[in-house]
Amino acid sequence: MRTLTYNRQKKLIVSLVILMVMAMLMPNMLVAKDIDFSGMLRSSTGARLSEGDVPITEQTADIKMEGWGEDTHIMLNPYAYIGADGEPEIGMREAYIDLYFPSMDIRVGKQAIVWGEAEGAFITDIVSPQDLRSFILADFTEVRMGVPAVKADYFAGPLTFEAVWLPRFVPTAQPDADSIWSTEKMKLMSNPDLPSDDLENSEFFGKISYFGSALNGELMAGYAWDDMPVLKGDIDLTTGEPVPSTLKATHKRYTVVGGSFSTTLGSVVLRSEAAAYLDRAFTKTEIPGPPTRTLSTSEYHQIHGLAGLDWSLFGVDMSSQYILQYIHDYDAALMSEEYDHTLTFRMRDSNTAETLTWELFGYLGFDPEDIENSTDALLRPSLTYSIEDGVEIQSGVEIFLGDEAGKFGQYEDNTMAYVSLRWYF
Amino acid sequence: MYKKLSMLTLTLLLLVGVGGTLFGAPDGLEVMENVYYRPSGDEMTADLEMILTNSRGSTRERSITQYSIDTGDVDKKLMFFLAPADVKDTSFMSWSYTDARDDDQWIYLPALRRVKRISSDSKNDRFMGSDFTYDDLGERHPEEDRHTILREESYQGEPSYVIESVPVGDDDAFSKTVVWIAKDKWIGLKREYYNDKGEAYKVLNIDEFKKIDGYWVITDMLMEDLDRDHSTRLKMDNVKFDTGLTDSFFSERQMKRGPRR
Chain A
0 MRTLTYNRQK KLIVSLVILM VMAMLMPNML VAKDIDFSGM LRSSTGARLS EGDVPITEQT
60 ADIKMEGWGE DTHIMLNPYA YIGADGEPEI GMREAYIDLY FPSMDIRVGK QAIVWGEAEG
120 AFITDIVSPQ DLRSFILADF TEVRMGVPAV KADYFAGPLT FEAVWLPRFV PTAQPDADSI
180 WSTEKMKLMS NPDLPSDDLE NSEFFGKISY FGSALNGELM AGYAWDDMPV LKGDIDLTTG
240 EPVPSTLKAT HKRYTVVGGS FSTTLGSVVL RSEAAAYLDR AFTKTEIPGP PTRTLSTSEY
300 HQIHGLAGLD WSLFGVDMSS QYILQYIHDY DAALMSEEYD HTLTFRMRDS NTAETLTWEL
360 FGYLGFDPED IENSTDALLR PSLTYSIEDG VEIQSGVEIF LGDEAGKFGQ YEDNTMAYVS
420 LRWYF
Chain B
0 MYKKLSMLTL TLLLLVGVGG TLFGAPDGLE VMENVYYRPS GDEMTADLEM ILTNSRGSTR
60 ERSITQYSID TGDVDKKLMF FLAPADVKDT SFMSWSYTDA RDDDQWIYLP ALRRVKRISS
120 DSKNDRFMGS DFTYDDLGER HPEEDRHTIL REESYQGEPS YVIESVPVGD DDAFSKTVVW
180 IAKDKWIGLK REYYNDKGEA YKVLNIDEFK KIDGYWVITD MLMEDLDRDH STRLKMDNVK
240 FDTGLTDSFF SERQMKRGPR R
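Chains as they are written, first to last, in numbering that gives the first Met the number 0: chain A, 0 to 424; chain B, 0 to 260.
Warning: the hint list may mix true and false statements.
[Said to hold, decoys possible] Going by beta-carbon spacing under 8 Å, a handful of chain B positions derived as facing chain A:
hint	residue
1	R55
2	R59
3	E60
4	K87
5	D101
6	R125
7	M127
8	S250
Keep in mind that the hints were calculated from the coordinates and are not lab data. Note that the coordinates shown come from a computational prediction; the quantities given were computed from them, not determined experimentally. Idealized CB from N, CA, C, for every residue including glycine.
In isolation and in its complexed conformation, chain B is listed as follows (with noise of 0.2 Å):
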């Protein structure tokens, strides 16, 4: 009777697809809880340079300087503007929170001398004039997406996940993404965005992630907008981990005095 029972509890198990996890091929959203949970350090460090190529060619450049903090409750990122010289010393703060909350942001714009709280309500605008939107260059959360595995291949020589993202929501840009994730790395190796007529407008292109302090660490990517032919490379350097900046670092009273020197 017990042995009975056992068979049919397995049978029950495979069939609802539980039994593929604990068989190792989890399904789409433990794909993508195992990017997003991916160890990346409590707090990071880094300079972020930004090229903007137009459809003549002709490039522009942004410099960053960024810093951030998981503190458990409460993701805190604080951005300062290096180049170029119009925008140097403007900085741009953000507190995300693990609940439903919305985000906090802040900028302090130098002409003004003053730390101004904005509104958050901006995710789709494009950061800096960049193909990047502030939604892109935040941790998009897993419960945010319907989450379905396409197949698995090999891609840039990693075997892959195929992943087709439909967002939950209706206040986001595209209508669904398609990602390709290296299977041992949780790590995001390309993600094609659509719009609402099921045509790819928008692609992002991981060129090279390397492993820095124990962590992965994507340090090149590109992106491009299909529809304007223009693109975005973003690249990452000075990469630091677990450098000792703490909750306080992240205020008012950094955003006014800039980056450590």
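Isolated chain A (complex conformation) (with noise of 0.2 Å):
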């Protein structure tokens, strides 16, 4: 077992490897026929309108290298990114290689997969694990993380066959334990162990897809590591502290089998998705006696899905989801919920010229049993402007609220307005 460490040496060999492979695939570019150069340049700042602290000073760098050859493709996506705590980050987003046959794509590197049809949620798209450092308030260009992986897909008219072999587990990358993101749950959960780097602990995926007039489908299976780690091991009832000697958390094998589709009813899109999620592991308390109260795992069935629609409205886009998680033969010892409920909602609009956009995008947590007491939410009302081409600037605000023991009712304190400044190149 490997456990996940982030110090400066680590990064440093990171860095090295990179740079590494990029001198490595450089040559290939420099003879492609067509080599083209683009990027971002973001700074933002945030502030916590209850704590009156600027959490949020970031400045961040994404750069993508694309080459072309005749039947090849070579993407590196380098970027940097300075936080609050002025340490710099230095990584690869992204590099791979693309092979193309008359029928056949073949994607070999470090990449970023996205399957399925939901917003904001991610049901059968778990090929790529999350960046969760920031939770989920990321550009979604960063919400997902690249992952060495082979992927091949097959195209037989209408039909897509895709597979994917990820030879080595990369978890959800979470909060930092003094970031404001982190919660006691996270902090239990920090350096898990990680699979070895065996053959045998390779995930894997499969896809088929339809893309016609009618209806845009998929049907997805995949054998794979859970991104969410499990405990194992005793916490003391009287201070409400692991144990040390005893905690452990652990990543779990489990089986998804899936699909989605999106279609239209006149001038509406109506999408859905849906996963089992097979024996999947959850961690479960038991008290056998003070003064410790003890962590085990137990493995349920579990089912997420998604309905949504999008339509447009007086010229204003809107779209809506509702998405449930539901453990099938459920244990009250769980420290997971039996239900979940989540509603999204988006609304967004441009003036004329399309220099100025509004949007709102809302989460709302809810319990139908008890929508008074249970509800939260998370608004992310935001205006952006356009200076110039390729030149904007955007102003915001995330707000947390309700239930303080609900997914986003938790980060009430964290309720912050901010300001952002990007460049495209």
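Once you've looked at the hints, go ahead and assemble the two chains, each given alone in its own frame, into the complex.
Structure below.
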């Protein structure tokens, strides 16, 4: 088993490896007949309204270098980031090579893979892990992490057969222990044991998709490691603290089958997505007797589904989704809820010149049997102004409210206003 | 007896206007059908450049590579946005059907890394903040309007029909259009858009057209929004016909992969 460490030495090694990969790929790019260089620079500042502090001062550079040959394509996507702690982070979001054949595409290298129809939710979209170090507030391009993978797509008319092999498990990135997004549960799960880099610990995914006039649809299956670790060990009931010598966070295997589709009903787009997570491990609390509480793991089947609509009303783009998670054969000792209900909604409109855009995106968590006490929400109103082509300034508020035990309400103190300047080139 | 009947028939034909066709003077619908069905190749590739100019004279530019194919029952169009940088790598695909079906439309957003089906209920929306609507950039079927020839005159040195077209449905942004059609080339040279008050609020001028690979192609046009003093020039370059595009090119795979290199 290996353990996650984020010390300087490891960062240096990673940076050197990235530079070596770039050096190896550059000759290919130089002989490619067509080379493109683009990217984005961003500066963001965010202040918490209740605390009065400024936890977000970020500078990000995201560079894309692409080269095309006759039947090949190379992509390098390095990035540099400086956060509030002032310590620079340099990494490679993606670095891959595409090989194009008449009926097949093969992509080899570090890549982000996106499946499904959900917006702001991850149901069948479980191939690439997520970067949740800023909760779910990061830009779309940065929420999904690239992973070393081999992906093959075979095309047969409207059908596409896709196979993905991930030789090495990379877990979802969680907030650091001192982050404003870290919770007590996350702290318990920090530094989980990871599966060793053996071939038998590879992840496998397959998908069949149909692209047609009446319908787009996907059927998928995967044999994967769960991105969320489970806990085993003891907690001292008198202090509420884990007993260090006993506590262990580990990732477990599970099987996923699912699918999604989208179609139009008149002027409305209907989307749906569902997955069954078979024999997924969950953490269970048992109290054999004071002074300790025992944490153990048990396996259950879980259903995760979504139904959504996209439409336009008076020129405003609208979208709404209902998302349900359900644990079958539920045991009250589980640390997770049997049902988890979430509604999302999005409204977006621009002025006629598309220089000024307003948007409201929101998540609403609720329990239908106790709406008054259980409801919590994340509301994300924003205003974006395009100063000139490729340069925009965005300002908005991230509002957390409602049930303090809820997945959004727990961050009530993190309600913040932000401003972000982006320059695309 | 036979001669009398023939004379009667000819008189009736002239009265109902069909005789006009026989003698080379079409009615409004026929003129617009000649424009709609003008040979334009089964498949085409072109680079588009849009220059948006606001009332203060400042400009913004958009670059697009467009592919289209006519398979008989379906017109398929695939657009790749090349500039500005914040929309680069975005692609848009539409399938338009000759029957009454609504268009199918998809958009690929590189930030989401996903091809998304979108509603086609947007024909009056502006395309990329320009003065062109999605409807302006599509091929409006002649049956969607009632056409009347107002007069014939010379426009930009071209003998032209001036046609008034009134929408049959009630879901258009304009109450009528007036269009100048070059008689022998069946190309629109100018179009005025009128609001419910009967005032022209938008004017499209064709500044250049040429014959490429045997087909008449509009290569430079200017759409002016008179209400907000804003204009969009649309230039077409690298126009190529019959380059070997096949139906399979208009796919999710190609939307993600980008334009031909």
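Going down the list of hints, with the structure as the test:
Because the smallest distance between the Cβ of B/R55 and any Cβ of chain A comes to about 12 Å, over 8 Å, the interface hint for this residue is violated. For B/R59, the suggested interface contact is upheld, since its CB lies about 5 Å from the closest CB of chain A, less than 8 Å. The criterion of a C-beta within 8 Å of any C-beta in chain A is met by B/E60, whose closest approach is roughly 7 Å, and the hint holds. A cut of 8 Å between beta carbons decides the hint on B/K87: the least distance to chain A is about 6 Å, and the hint holds.
Hint status for B/D101 relative to chain A: holds, with the closest Cβ pair at about 7 Å, below 8 Å. Interface hint at B/R125: satisfied, since its Cβ lies 6 Å from the closest Cβ of chain A, which is below the 8 Å cut-off. Checking B/M127 against chain A: minimum C-beta separation of about 7 Å stays under 8 Å; hint holds. A distance limit of 8 Å between C-beta atoms decides the matter here; for B/S250 the minimum to chain A is near 7 Å, and the interface restraint holds.
In terms of the numbered hints stated before, the structure departs from hint 1 and from no other.
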